[in-house]
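Starting from the known structure of chain B, arrange chains X and U on it as the hints suggest.
Residue numbers (this note's numbering), protein chains in the order written: chain B, 1076 to 1365; chain X, 34 to 363; chain U, 194 to 634.
Be aware that one or more of the hints could be misleading.
Claimed, not checked - If you only want the chain U side, here are some residues facing chain X, beta carbon under 10 Å, derived:
id, residue
1, N293
2, S592
3, I604
To be verified - Some chain X residues well away from chain B (every beta-carbon gap over 10 Å; in silico):
id, residue
4, T89
5, E125
6, T132
7, K138
8, V156
9, I170
10, G203
11, I212
12, L214
13, G227
14, W296
15, W305
Derived from the structure by calculation, the hints contain no laboratory data.
No residue lacks a Cβ here, since even glycine has one placed at the ideal position from N, Cα and C.
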Amino acid sequence: MRIRENIMKQTKIYNKPNLLRNCVLGLISVFFIGVVGFPLLWMVVSSLKPATELFKSPPTIFSDTITFEWYLDAFSNKTVVRYFINSLLVATGTTVIVIVMATFGAYGLTRFRFFGRKAVTVAVLSAYCIPPIMLMIPLYRIIARMHLNSSLFGVIIGHTTVTFPFAIWLLISFFRSIPRDIEEAALVNGASDLTIFFRIVLPLCVPGILSTGILVFILSWNEYLLASVLISQDSMKTLTVGIANYISSTEINWGVIMALGTATTVPIVLMFTAIQKYFVEGLTAGAVKG
Amino acid sequence: MYPVDAFLGQNGMSKEMVMENSEQAYLIKSTKQGRNIFLNFYTRRKLLGVIFILPTILFLVVFILYPVLSNLFLSLTDACLTKKNYNFIGFENYLKLFTNKMFLKYSWNTLVWTFFSVIGQLVLGLGLAMLINYQTIGGPFLRGFLLIPYVVPAVALALITKWIFNGDYGIASKWLQNIGLIDYKQSPLALPGGAMAVLIFVNIWRSYPFPMLIYWAALKGIDTELYEAAGVDGANRFQSFWFITLPQLKNTTIVLAILRIVWTATYFDLIWMVTGGGPAGSTTHLPIMIYQSSFGTFRIGYASAISILLGIVLFVCIIYYVRKSGDFAD
Amino acid sequence: MLLVFMVLVTLSTGLVFAGGQQESQKAEKLVIWTNLTAEAQTVVLTKQFNEIADEMGIDIEMVTVSFGDMYTKLATAMQSGDVPDIMHTNEGGVAYLYANDMLTPMNEVIGKIGKDDFVKSYLDILTVNGTVWGVPDWALHTSVWYRKDLFEKYGLNIPRNWDELMKTAKALNIDNDSDGNIDIYGFAVSMSAVNVAAQVYYEFLYSAGVYTFDPKTGEYIFGKNKKKATEVLQYMIDLYHAASPPSSIEWAWSEFRNALVEGNVAMTQDMGAVILMAQSNNPEMVGKLGCFDLPGVNGDKKASFGGSYNFVASNQGDEEKVKLAKIFLEKLYTPERAAERALSRPMFAFPSMYSAFDIYKKADSVSQYQDEVDVIYDAFQHSTWYRYGMEAGLNQMASQIEATTFFGEAIQSAALGKWTAEEAVDYIDQMLQEQLSIIGD
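With the rest of the complex left out, here is chain B:
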């Protein structure tokens, strides 16, 4: 409530009609939209240029002809299709595991009081800060010992390690923002804890859980380091690792690379745009507190 009032007041203070101010802000906005948009736009444009235009010096911004040959090239390659499927499976698997564990975990940490609760919360917070590069070697050994390094499950475990702390961190703030009145009432009414969790809390948290899930999906989809270390069989590689290999391979084909980059980025950006509202709410709710 307080925040909303503040926004309204701030808006009142700063938004006195002022043409000059609006123009300046508008220009700055356009500038930054350009800076953010240009590299992405350039990737898309490049993926649609025929080879003759692609290797023109100086480069042309928009080419006269548009071609989809690079996309056809990229997706007629069975390995590339395999990479897409792998990434999809890994990201989905990771999301499901992380969300189940994190939902229970976040609920447990926000709604129950027991010995060591604070310690666990602190541990989650610290785990959030532990970088993948430090987990890389031991994880590699664990996965190799479990003989999982030629299945996607190894990568799923790896991605779970890096996304889980973030997911639980986000979910904790979502759970906190849900008023406890209803749960209290239900509890007093004699509803069992599990009933409360499944019938009352979960339905209320669907937006939060869903958007956390999509974020985990995106993080897993984008992850490179662990995926490259934990998988060495070519047919089991994820998209990021596959494309990275493409860049350093002996026959780089810029058109195909740009097409693959576009195909990797666009779905992710669209997904993110869809859940942005919840993401902003979740992150800022936690942040205001912290």
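Positioned in the frame of chain B, the structure of chains X and U alone reads:
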């Protein structure tokens, strides 16, 4: 009438307090009815809580705590990926590191990379947070658009970077060549200073959205009365930014800076995919050194030692962060 | 809700495992790894493997492990005991497996295929004291690929020593529009830290007769030859400054091949892969490209940089399995099959058998390059070629050079003027010795 209401009426407690105490309320009700479930209830709640977070704890122990300890142990051995056995060699790996002149160079690179990336993204983040805070026309669109870099895959960004900074066909290289900043057909990625500058720039591009969002939330949380008071005192916009906004954002900035230092110093993907640490090792930072030691020369003991040294510095940051965000830990 | 979750978890786990493991019902199964990941090559391999498996009535599992992951994957496999029955890999991989005592001798198999049908230099690399540890499949050879049309236009001849090379390179720095900027550079000296810098440097080193190990005694001699190594590096850097695009300091294979194919450089070192790239990206250029061997310092070339792909069989399985693997390999080496495998990467891969080469030479994809094919095949038969660190036979040093970037870092530092050539060579020597001590342990 539920006992809660009765409880509320009798003691005049605030609603919040009742909520906190509803477990007790339930107990009162139960005891009144003569069921002796006092212990039972608490035990059950605690047990259930533990069950709910059991997967979390298990996971943290197996996949976070164990790896960290395992790193520590490995760093004291001569473990090598190509050999089955390893020996305990004490601090030899650390000694080797301190006598390796490249370690100093790579540490310095790490410092440069982290310092400029973090400063850049915090300043840009704050600037843009203020922009979306004040922007009236198309505000939500602007905010949404500016958030996009947050989810652009590092691999896509890396290949865009390599493409637009290509010496022959890269559009950005062309611009730089035209204004005379670099030689004809040169690429900044082939120059030691240039490569680092490009990487830092790209890293700022991809990582400002997080600070922007957090700052945006923090800006909204600043009490407007402060600004009103300042307005009455005749402070101009810059003064109110300097004397009100910035001090109010101090805590947010500290927490953000720590978080981003930890993530930037250990961020591997972008540098690896754009320059691989080159040219001439000018963009090799410690994570790349760790990677090369593990999967280049297979000396995982040595690599663990680097990772522990990096970890110690970051651990201090992490502890500080956890304490700073103590509110959050509840 | 829980039900939905459980179903999802089960489903995704099931999918993952279904993707990861395909258990076979047949009793006999060979696991084959290959480092070749390019589609044209895997298609041919898959086809041949399946044909032979059907012939033999066994089951096979082909796993592609890209070159960059090979050593890590092998290390893991060794620790967990999942070594493949057959592996298709370069000498680095062979050396690694050999050093870890994982290989079956191949003399018998080679004898059955016909020892005399193999080009001798291909077998020599894999031979230790008379025992051959693998069956060579094909090899690649470094030459200088150049623009025939430009040589003609400017009246230039093939350089016969390093001075001439430098002059020719400078003469080919061409400014088409006289705007003061060079549009075509004479000679691309590529120095990407991953592999490429080391490969280019080694081609110069070998031409000048500088080796890592003494080819006769196997002793480490790079350190003793530092003066010469420094001169070679200095020449390479001078050539870079004189006639190479400035950004070539970061160029890897794709960049320098692309530069030649798109007409930005007039010469570059390559292994013939430019041809395939020209055919797909700029067909106009196909007829304009040719190759010659990098000359020696004074015209007496000592050796050149090359590499080979080989089939090896593991000694880890039971007797039956090893026998099966040997029969399988024998069947792979009909002239037609060997030629088909090499032709999946024309002009880059040259078959190890004379009988296969006859077929290779007549193939459509190389018909346009009869002269070049002869130049390269002649080099394979009559001159010496090594992969870095392999001058005295199978040596794990190749893997250490391949998987690290210390060569690249030193060479780039020298090219950028941050180090002197001498300092760079010192650093390389120091790192080589350090690697040596790790291998030696």
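Tested hints:
Taken as an interface hint, N293 of chain U checks out: its beta carbon lies about 7 Å from the nearest beta carbon of chain X, inside 10 Å. Taking 10 Å as the C-beta contact cut-off toward chain X, the hint placing S592 of chain U at the interface holds, the least distance being around 9 Å. At its closest, the beta carbon of I604 of chain U sits 8 Å from a beta carbon of chain X; the interface hint therefore holds under the 10 Å criterion. The Cβ of T89 of chain X does not lie farther than 10 Å from every Cβ of chain B; its closest approach is about 4 Å, which violates its non-interface assignment.
The non-interface label for E125 of chain X is consistent with chain B: the shortest C-beta to C-beta separation is roughly 18 Å, beyond 10 Å. With a minimum CB-CB distance of about 22 Å to chain B, T132 of chain X clears the 10 Å threshold, and the non-interface call stands. The claim that K138 of chain X is not at the interface with chain B holds, since no C-beta of that chain comes within 10 Å of its own (minimum 18 Å). With a closest Cβ-Cβ approach of about 13 Å to chain B, V156 of chain X is found to remain outside the 10 Å limit, as its non-interface label requires.
Against chain B, the non-interface label of I170 of chain X is violated: not every CB pair exceeds 10 Å, the least being about 7 Å. For G203 of chain X, the condition that its CB be more than 10 Å from all CB atoms of chain B is violated, with the nearest at approximately 8 Å. Non-interface call for I212 of chain X relative to chain B: holds, since the shortest CB-CB distance, roughly 13 Å, exceeds 10 Å. Distance to chain B confirms L214 of chain X as a non-interface residue, since its nearest Cβ pair spans about 16 Å, more than 10 Å.
With a cut of 10 Å on Cβ distances, G227 of chain X stays outside the contact zone with chain B, its closest approach being about 17 Å. Distance check for W296 of chain X against chain B: the nearest CB is about 7 Å away, which does not clear 10 Å, and the non-interface claim fails. Listed as outside the interface, W305 of chain X is inconsistent with that label: its C-beta sits roughly 8 Å from the nearest C-beta of chain B, within the 10 Å cut-off.
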